[in-house]
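There are 2 protein chains.
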Amino acid sequence: MRATYMYGAGDVRVIDVPDPAVQHPTDALVRVVRSCVCGSDLHPYHNMPASERGESMGHEFVGIVEDVGSEVRTIGKGDFVIAPFAWSDGTCDFCREGLQTSCRHGGFWNAGDVRGGQAEAVRVPLADGTLVPVPVEENSPLVPSLLTLSDVYGTGYHAAVKARVTADTTVTVIGDGAVGLMGVLSAQQLGAPRIILMGRHKERTDLGREFGATEVVAERGTEGIAAVRELTRGDGTHVVIEAVGHMPAYEQALGVVRPGGVISRVGLPQYDDAPVGWDLFGPNITLTGGPAPARAYIETLLPAVLDGTVDPGRVFDTELPLDDAPAAYRAMDDRLSLKVLLRA
Amino acid sequence: MRATYMYGAGDVRVIDVPDPAVQHPTDALVRVVRSCVCGSDLHPYHNMPASERGESMGHEFVGIVEDVGSEVRTIGKGDFVIAPFAWSDGTCDFCREGLQTSCRHGGFWNAGDVRGGQAEAVRVPLADGTLVPVPVEENSPLVPSLLTLSDVYGTGYHAAVKARVTADTTVTVIGDGAVGLMGVLSAQQLGAPRIILMGRHKERTDLGREFGATEVVAERGTEGIAAVRELTRGDGTHVVIEAVGHMPAYEQALGVVRPGGVISRVGLPQYDDAPVGWDLFGPNITLTGGPAPARAYIETLLPAVLDGTVDPGRVFDTELPLDDAPAAYRAMDDRLSLKVLLRA
Numbered sequence: 002m003r004a005t006y007m008y009g010a011g012d013v014r015v016i017d018v019p020d021p022a023v024q025h026p027t028d029a030l031v032r033v034v035r036s037c038v039c040g041s042d043l044h045p046y047h048n049m050p051a052s053e054r055g056e057s058m059g060h061e062f063v064g065i066v067e068d069v070g071s072e073v074r075t076i077g078k079g080d081f082v083i084a085p086f087a088w089s090d091g092t093c094d095f096c097r098e099g100l101q102t103s104c105r106h107g108g109f110w111n112a113g114d115v116r117g118g119q120a121e122a123v124r125v126p127l128a129d130g131t132l133v134p135v136p137v138e139e140n141s142p143l144v145p146s147l148l149t150l151s152d153v154y155g156t157g158y159h160a161a162v163k164a165r166v167t168a169d170t171t172v173t174v175i176g177d178g179a180v181g182l183m184g185v186l187s188a189q190q191l192g193a194p195r196i197i198l199m200g201r202h203k204e205r206t207d208l209g210r211e212f213g214a215t216e217v218v219a220e221r222g223t224e225g226i227a228a229v230r231e232l233t234r235g236d237g238t239h240v241v242i243e244a245v246g247h248m249p250a251y252e253q254a255l256g257v258v259r260p261g262g263v264i265s266r267v268g269l270p271q272y273d274d275a276p277v278g279w280d281l282f283g284p285n286i287t288l289t290g291g292p293a294p295a296r297a298y299i300e301t302l303l304p305a306v307l308d309g310t311v312d313p314g315r316v317f318d319t320e321l322p323l324d325d326a327p328a329a330y331r332a333m334d335d336r337l338s339l340k341v342l343l344r345a
Numbered sequence: 002m003r004a005t006y007m008y009g010a011g012d013v014r015v016i017d018v019p020d021p022a023v024q025h026p027t028d029a030l031v032r033v034v035r036s037c038v039c040g041s042d043l044h045p046y047h048n049m050p051a052s053e054r055g056e057s058m059g060h061e062f063v064g065i066v067e068d069v070g071s072e073v074r075t076i077g078k079g080d081f082v083i084a085p086f087a088w089s090d091g092t093c094d095f096c097r098e099g100l101q102t103s104c105r106h107g108g109f110w111n112a113g114d115v116r117g118g119q120a121e122a123v124r125v126p127l128a129d130g131t132l133v134p135v136p137v138e139e140n141s142p143l144v145p146s147l148l149t150l151s152d153v154y155g156t157g158y159h160a161a162v163k164a165r166v167t168a169d170t171t172v173t174v175i176g177d178g179a180v181g182l183m184g185v186l187s188a189q190q191l192g193a194p195r196i197i198l199m200g201r202h203k204e205r206t207d208l209g210r211e212f213g214a215t216e217v218v219a220e221r222g223t224e225g226i227a228a229v230r231e232l233t234r235g236d237g238t239h240v241v242i243e244a245v246g247h248m249p250a251y252e253q254a255l256g257v258v259r260p261g262g263v264i265s266r267v268g269l270p271q272y273d274d275a276p277v278g279w280d281l282f283g284p285n286i287t288l289t290g291g292p293a294p295a296r297a298y299i300e301t302l303l304p305a306v307l308d309g310t311v312d313p314g315r316v317f318d319t320e321l322p323l324d325d326a327p328a329a330y331r332a333m334d335d336r337l338s339l340k341v342l343l344r345a
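Protein chains in written order, with the numbering used here: chain C, 2 to 345; chain B, 2 to 345.
Bear in mind the hints are in silico, worked out from the structure with no lab data behind them.
Please note: incorrect hints may appear among the correct ones.
Computed from the model, here is a short list of chain B residues facing chain C with C-beta under 8 Å [stated by the list, open to error]:
id, residue
1, Tyr46
2, Gly91
3, Pro260
4, Gly261
5, Pro270
6, Tyr272
7, Asp274
8, Val277
9, Trp279
10, Gly283
11, Pro284
12, Thr287
13, Gly290
Idealized CB from N, CA, C, for every residue including glycine.
If we strip away everything but chain C, and leave its shape as in the complex, we get:
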């Protein structure tokens, strides 16, 4: 089959690899219907050292179950399924607490002998715990929105949940990428009366307004901080969703969070150390967030997707065939595309 591999910064190739198959009794084999490129895939696209072996790519996909192992109970051949961006047993204490990213027997795609979703098919470990079947056809117009439940929608929702967004909290979202926009949508769903979106790509922030942003601040750095403070009587907002992962975004978050407030990070941090001394401690700021247990939120978020109340799939502004994955990475890296859907 065809699968996407990265061989170093800027070097993405779609290659022929052996077809995956069920290996363990708890596996499922999923034929991919749609996958996509994540903002976090751009980090290795910038930094990855050259590798002869290459790394398989992709952690967001929906598809049709083609085969299941003998112990799989809740998933069957022909099911349309959503695969969240971590696989998990669904039964350990962490899974029961809704922290499937720390599952005692789970893991992430593209690690060990588990391959990635930017491919024609994927062997899914612990299929009962991992996959969520949805009663739709593979050509349903809902497919892009269902695919956002693999990662970006659940990630934006995780940011809002960890920050305890309610009808009493004002929110700033830093970053107008797909995760930032899903943070806006999630904050709106949780009742936030005011959502300031910081981003400078007008077509993205316009979409953010449709998802619920009440104000947009295009400036960055100290100017951006001053603009948010001016909007908030000098205080900043109760919650800041940091959906970028670079140090300037963290510094911006510190600059616009209200005393006693929460910075919720869902952008993969591209730094090890950050200022958490008096700047964070003095005003009693809480720093939270992490890789979203997307699996935990699928049942919660699914109904409004299925009935059309929300349309998170609008974050996909480009669709390409799988063989054009290198072009998909380029388009996202050049900010020509917000998020690219790959048709397997």
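Chain C is already provided as a structure; the job is to place chain B on it using the hints.
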């Protein structure tokens, strides 16, 4: 009157200064009955550059109101009062939210023209918002416990509250100083079924056991981390109260916190940057805490002090007259005393 000033690292003097007096209509003048030396006072005792002017010291005191300004309504002459370690108006939005340390009109002792509590008397700004009158005599045996409500008890409680300790959370407390021990007591009051105290001073950890610690780990660093992990199936605890403020304590906290858990810091950080990249983000750890709004917790914690259910004043193991403040600092710095009460 006599007052304690610090002139540089290791250089504490009790000197004569002009008597304070009511200056503003919202002030109260409080004659100090007892004050004390805080673990955080040891930071400048180690680091303060030499100063000719010196800095007034002390942010924990109880006393008798001797005079009030014309606008003070809730406090009167002769009242026994507790002064929390920040002064605040009690009416702004931050105060109403219980974050008096961020009061819009308040501040900290020993800043601007407000002097410290290690003295015979203190001018207290915004007396109605700041002071809490308590119906006891100044020679009551409850005085030491009431004094802990100025800071250390409220600080330990703040750590536990910010970490959302409940009957479902296991807790590690790092640090066997007075704040750590108050963190133990607070976690116990909030129902934590298991409280591991990390400290190596046996008489202190013995007191910690009386306050509610279920286990004590004397080892530090990687050995200490391994010991806590061994006690917790390798997982660490849901909550870590970090009551020290030095980098090794932060690193220890990262090492013993369970995925999805909370590190709650109440030791004043003696660092600016700290590791908050994948180590904190990957397991979805929340970092919270800050200077405790001790004022917010006094009404909550007072009844059990007044009726003798708890005796937090046991953290004071030494009492000295005010003029011996230099010896009090030395005794705490040399770990000969856990916490010294100063008799004004």
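The hints, checked one at a time:
The interface hint given for Tyr46(B) is broken, as the beta carbon of that residue sits about 19 Å from the closest beta carbon of chain C, more than 8 Å. Taking 8 Å as the C-beta cut-off, the interface hint given for Gly91(B) is violated, the closest approach to chain C being about 16 Å. Hint status for Pro260(B) relative to chain C: holds, with the closest Cβ pair at about 4 Å, below 8 Å. Proximity of Gly261(B) to chain C holds as hinted, the smallest CB-CB distance being about 4 Å (cut-off 8 Å).
Below 8 Å, beta-carbon pairs count as interface contacts, and Pro270(B) has one with chain C at about 5 Å; its hint therefore holds. Look at Tyr272(B): its Cβ gets to within about 6 Å of chain C, closer than 8 Å, so that hint holds up. With a cut of 8 Å, the hint placing Asp274(B) at the interface with chain C holds, because the nearest CB-to-CB distance is about 4 Å. At its closest, the beta carbon of Val277(B) sits 5 Å from a beta carbon of chain C; the interface hint therefore holds under the 8 Å criterion.
The interface hint given for Trp279(B) is met, as the beta carbon of that residue sits about 7 Å from the closest beta carbon of chain C, less than 8 Å. Interface restraint check: Gly283(B) against chain C, minimum CB-CB distance 6 Å, threshold 8 Å, status holds. Checking Pro284(B) against chain C by beta carbon gives a least distance of about 6 Å; that is within 8 Å, so the hint holds. Checking Thr287(B) against chain C by beta carbon gives a least distance of about 4 Å; that is within 8 Å, so the hint holds.
Given hint, Gly290(B) at the interface with chain C, holds; its Cβ is 7 Å from that chain's nearest Cβ, closer than 8 Å.
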